[in-house]
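Place chains B and C on chain A using the hints.
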Amino acid sequence: MSEPPIFEARGLSRHFDVSKPALQRLLSREGRRTLRAVNEVSFAIPRGTTMSLVGESGCGKSTVARLAVGLYEPSGGQALFEGQDLAEARKSAAQRRRMGMIFQDPYASLNPRWRVADIVGEPIRAYGIAEGAGALREKVGALLRQVGLSPADGNRFPHEFSGGQRQRISIARALSSNPDFLVCDEPTSALDVSVQAQILNLMKGLQRDLGLTYLFISHNLAVVRQVSDRVGVMYLGSIMELAPAETLFTTPRQPYTRALTEAIPDLDMVGKDRQPVGGEVPSPIAPPPGCPFNPRCPLANDRCRSERPALIPARGTPETLVACHAVEEGRDSFEARAAA
Amino acid sequence: MPACGDRTLMQPLLQVRDLVVEFPTRRGTLRALDRVSFDIAPGEVLGVVGESGAGKSMTGAAIIGLLEPPGRVAGGSITLRGERIDNLPPREMRKVRGKRIGAIFQDPLTTLNPLYTVGHQLVETMRTHLAIDAAEARRRAVGWLEMVGIPAASERIDAYPHQFSGGMRQRVVIALALCAEPEMVVADEPTTALDVSIQAQVIALLKRLTREKGTSVMLITHDMGVIAETADRVAVMYAGRVAEIGPVRSVVKAAAHPYSAGLMASIPPLSHKVDQLPQIDGAMPRLNAIPQGCAYNPRCPHVFDRCKVERPELLQAPETRAACWLFDSDAPRERAHV
Amino acid sequence: MNAVSRFLDSDLFYSFRRTPSAVISAVVAAVIILGAAAAPWVAPYNPFDLASLDLMDAFNPPAFMDEGSLAHPFGTDDQGRDVLSAILYGARVSLVVGVSATAFALTVGVLVGLLAGYAGGTVDAVLMRIADIQLTFPSILIALLIDGVARAALPREVHDQLAIVVVIVAIGISDWPRFARTVRGSALVERNKEYVLAARVIGISPARIMLTHVLPNVLGPLLVLATLNLGLAILSEATLSFLGVGVPPTQPSLGTLIRIGNDFLFSGEWWIALFPGLALVAMVLSVNLLGDWLRDALNPRLR
Chain A
0 MSEPPIFEAR
10 GLSRHFDVSK
20 PALQRLLSRE
30 GRRTLRAVNE
40 VSFAIPRGTT
50 MSLVGESGCG
60 KSTVARLAVG
70 LYEPSGGQAL
80 FEGQDLAEAR
90 KSAAQRRRMG
100 MIFQDPYASL
110 NPRWRVADIV
120 GEPIRAYGIA
130 EGAGALREKV
140 GALLRQVGLS
150 PADGNRFPHE
160 FSGGQRQRIS
170 IARALSSNPD
180 FLVCDEPTSA
190 LDVSVQAQIL
200 NLMKGLQRDL
210 GLTYLFISHN
220 LAVVRQVSDR
230 VGVMYLGSIM
240 ELAPAETLFT
250 TPRQPYTRAL
260 TEAIPDLDMV
270 GKDRQPVGGE
280 VPSPIAPPPG
290 CPFNPRCPLA
300 NDRCRSERPA
310 LIPARGTPET
320 LVACHAVEEG
330 RDSFEARAAA
Chain B
0 MPACGDRTLM
10 QPLLQVRDLV
20 VEFPTRRGTL
30 RALDRVSFDI
40 APGEVLGVVG
50 ESGAGKSMTG
60 AAIIGLLEPP
70 GRVAGGSITL
80 RGERIDNLPP
90 REMRKVRGKR
100 IGAIFQDPLT
110 TLNPLYTVGH
120 QLVETMRTHL
130 AIDAAEARRR
140 AVGWLEMVGI
150 PAASERIDAY
160 PHQFSGGMRQ
170 RVVIALALCA
180 EPEMVVADEP
190 TTALDVSIQA
200 QVIALLKRLT
210 REKGTSVMLI
220 THDMGVIAET
230 ADRVAVMYAG
240 RVAEIGPVRS
250 VVKAAAHPYS
260 AGLMASIPPL
270 SHKVDQLPQI
280 DGAMPRLNAI
290 PQGCAYNPRC
300 PHVFDRCKVE
310 RPELLQAPET
320 RAACWLFDSD
330 APRERAHV
Chain C
0 MNAVSRFLDS
10 DLFYSFRRTP
20 SAVISAVVAA
30 VIILGAAAAP
40 WVAPYNPFDL
50 ASLDLMDAFN
60 PPAFMDEGSL
70 AHPFGTDDQG
80 RDVLSAILYG
90 ARVSLVVGVS
100 ATAFALTVGV
110 LVGLLAGYAG
120 GTVDAVLMRI
130 ADIQLTFPSI
140 LIALLIDGVA
150 RAALPREVHD
160 QLAIVVVIVA
170 IGISDWPRFA
180 RTVRGSALVE
190 RNKEYVLAAR
200 VIGISPARIM
210 LTHVLPNVLG
220 PLLVLATLNL
230 GLAILSEATL
240 SFLGVGVPPT
250 QPSLGTLIRI
260 GNDFLFSGEW
270 WIALFPGLAL
280 VAMVLSVNLL
290 GDWLRDALNP
300 RLR
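Residue numbers (numbering that gives the first Met the number 0), protein chains in the order written: chain A, 0 to 339; chain B, 0 to 337; chain C, 0 to 302.
With the rest of the complex left out, here is chain A (with noise of 0.2 Å):
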């Protein structure tokens, strides 16, 4: 291996204090309450590849895109960058302009007071990146260009834009620093379908042209697909499965990946009816012990409720990493299921 890659996480932990205030805990005789958003997370994310992060609410996937550029400080393991430890790297200038980031809701990423060119333009400034007033109208020009607008928009307000619009803004904005790896936190999910597309092919065109690397958070397997190279399936914190993405979608090993990928509600579903996976998922406060998803799965049983499984390469499939007793004891029927 010559070359680190640029993003990897090692053994990444994030706990949040979620306690009440200390008269109220004294009150109720309550002890301190702490949520374990991301446990002991470990990935790499290698140059000019998307990895991907999918799960439901409460997983920790954007935690876990908080801890790569920084946001969080990590409660145990590592984040590095490049080899280097990310709050380190990002104490020099010229490596944090090189991580960018990509948000969820269009409306509230915008500060609605600025005009667009002043959005797009802020990183620009804040790194020095162009010389003069010129220059830097110049650039802000050429990035709104690069994504699809025209450089007169630069003068306008956020609120006359439409929702793909101003996630285009926003890509504009994180591009300006000309970065290298870029954090995705659901960037599509709060657009219409037709939009939706829009964004997802102008972000793969410029992880072309640009040789970017992307960290990819999202709730939606089908967009996953779209984009992945690599995918992890996240549940109450730890990841579950680790793998390439065709081999994932294809040969889904976890239960819960399992689940998951057939609770998608299907254009080719058209009239069906399904058994869906029963019950909800636990709080994180208070996970349950053993694999999180025991209470939920069909092939718990008593090592699966005390013991947690740990990240390993699947009987079977050795492309996949995953966490599973059963997967690891030949209980998942892999192999009749792939022999059918």
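Since the hints were made in silico from the structure, they are not lab data.
Remember, predicted model here, so these are calculated numbers, not experimental data.
Built from N, CA and C at the ideal position, the CB exists for glycine as well.
Incorrect hints may have been included.
To be verified - Chain C regions said to be covered by chain A (calculated; three or more residues, Cβ under 8 Å):
no. : region
1   : 189-196
2   : 208-219
Said to hold, decoys possible - Part of the chain C face toward chain A, derived, beta carbon under 7 Å:
no. : residue
3   : 200
4   : 202
5   : 203
Unchecked claim - Each computed EDC-like pair below joins lysine to aspartate or glutamate, with the alpha-carbon atoms no more than 20 Å apart:
no. : chain 1 : residue 1 : chain 2 : residue 2
6   : B       : 252       : B       : 222
7   : C       : 192       : A       : 72
8   : C       : 192       : A       : 117
Relative to chain A, chains B and C alone:
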């Protein structure tokens, strides 16, 4: 004008004809719905899809008489079993709502009163609309909670809404919408706020219960997958108008209107990876800038002169009815096929 | 489009035109403010020019009464001062104190609020507990306390010179927690919005984020609060002056005038107290109605 082919013989439960909803603003009156027409047959599930701002929620709100002021019905009619309900006084409309038309919204907390137990709310609703005594209402309330899959229903009946999870709350709302045995339910984005696995549970529940009770459903959502699995027929809305309406399979697999076709194509497939997703360029016009003629004409790949001048009504297309001049059999077509 | 025509076309101005109470209040407030600002030029007499006072003119009733004359439309007081002129000069003092005290409270409140809202944690807790303690004292008590301390600490001549400043600081100090709480609340909301996160990813400093991103977005509620507070500050000043601990009698404010008139209220010379009182009511009411309108107009949920 009769509705879709195979249902013409059946007397429709709900008829919406040329419905116009307007919003007076300081810069002129905005037309949020422009001559919207469709029928819902007894026991039928009509899906209404469209992008945000297309007018799908507005249509639902107009039917249940809950348009946000200053919006108002400015034309057309809504009839329930032949009886006009769009011009009822608020008192009468409250009786229709609940008794004859139930409502399910995206956020269960807008429907549930946080100050009362769910049992109390079910009992109140049933006693307002059905001639039953308190004991019977409570017995039925437990039954409804069991039916919507609330575990330990006889105990949970005395719990408050905040003591339920999001998915469980939406189940309670479904029970509340159905407990007065309405003829129809308007469900506006009932699963949008829920996680995928919970969403599947709620949709399956809604489907099962309405089928059992023979309740009609107007299912408003932006999620084509949900519609595909649940609806019998689909209406696709665009810029306050119905662009296409027809059987779900036809609209999903063989949409006639270029907008519906583009919309279906732009949905990322789960089954395989495509290099470039088909996309519709541009965005839906704002209400104050709807173009002349067909509202879709600036984005349409098949646009011709007539589209920019004259507004198309719903015309018979091969499997559906589409508001598109490509299907005008009386006039010479300038383009052969889609 | 230039700034003026953009303003005339704005939703805010539209809502203003459509709200009669706002238009009337604005007209009343404008008349009072202009009259007060231009007092030396528009007032018929200079009530502070002792040479021009003639005790023979004392206790003249207003012009519309039998013994009144147009020379003194609102009559004269016990010193022969023209009441209308005294009101114009008095409104000037009241406005200066009200505006300065509000500006003082606003500045302190914004700084404390931004710091508490952004820093959070212990800093936030300490600052807000100070504000809470401050809020449990009636503002008039705090003003009296500061005034008392200033009187005791400063020599009499110095105190008379600084009296207005003392009143401004006294009222300002009792009002800052309101601003601090509003700004803190808004800052807490804004700091978690994604545009602030975007700025943090770039590495913009917290102080800069607060001033360039958060502050412009909390200006709306701040403006409403400042307007409403202006009315209250004018009233506080009037109360202090009425109690005799406010501005010195050599520079009478509306409150001072009412106190002077109060002595004659039951001996038949009611106009000496009534007209300054009406002026005070008109001023505070118009400012408050403007504030109410502004609050409704800027509230997106009521639009």
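The hints, checked one at a time:
With a threshold of 8 Å between beta carbons, the proposed coverage of the region 189-196 of chain C by chain A holds, since 4 of its residues qualify and at least three are required. Beta-carbon proximity to chain A at under 8 Å applies to 3 residues in the region 208-219 of chain C; the threshold of 3 is reached and the given coverage holds. The closest approach between the C-beta of residue 200 of chain C and any C-beta of chain A is roughly 5 Å, which is under the 7 Å cut-off, so the hint is satisfied. Annotation: residue 202 of chain C was flagged as interfacial toward chain A, and the flag holds, the nearest CB pair being 5 Å apart, inside 7 Å.
About 6 Å separates the beta-carbon of residue 203 of chain C from the nearest beta-carbon of chain A, less than 7 Å, and the hint is met. As the CA atoms of residue 252 of chain B and residue 222 of chain B are separated by approximately 15 Å, the hinted pair is consistent with the 20 Å bound. The suggested pairing of residue 192 of chain C with residue 72 of chain A holds, with an alpha-carbon distance near 19 Å, which does not exceed 20 Å. For the suggested pair residue 192 of chain C and residue 117 of chain A, the alpha carbons sit about 18 Å apart, so the restraint of at most 20 Å is met.
Comparing the model with each numbered hint stated earlier shows that all of them hold.
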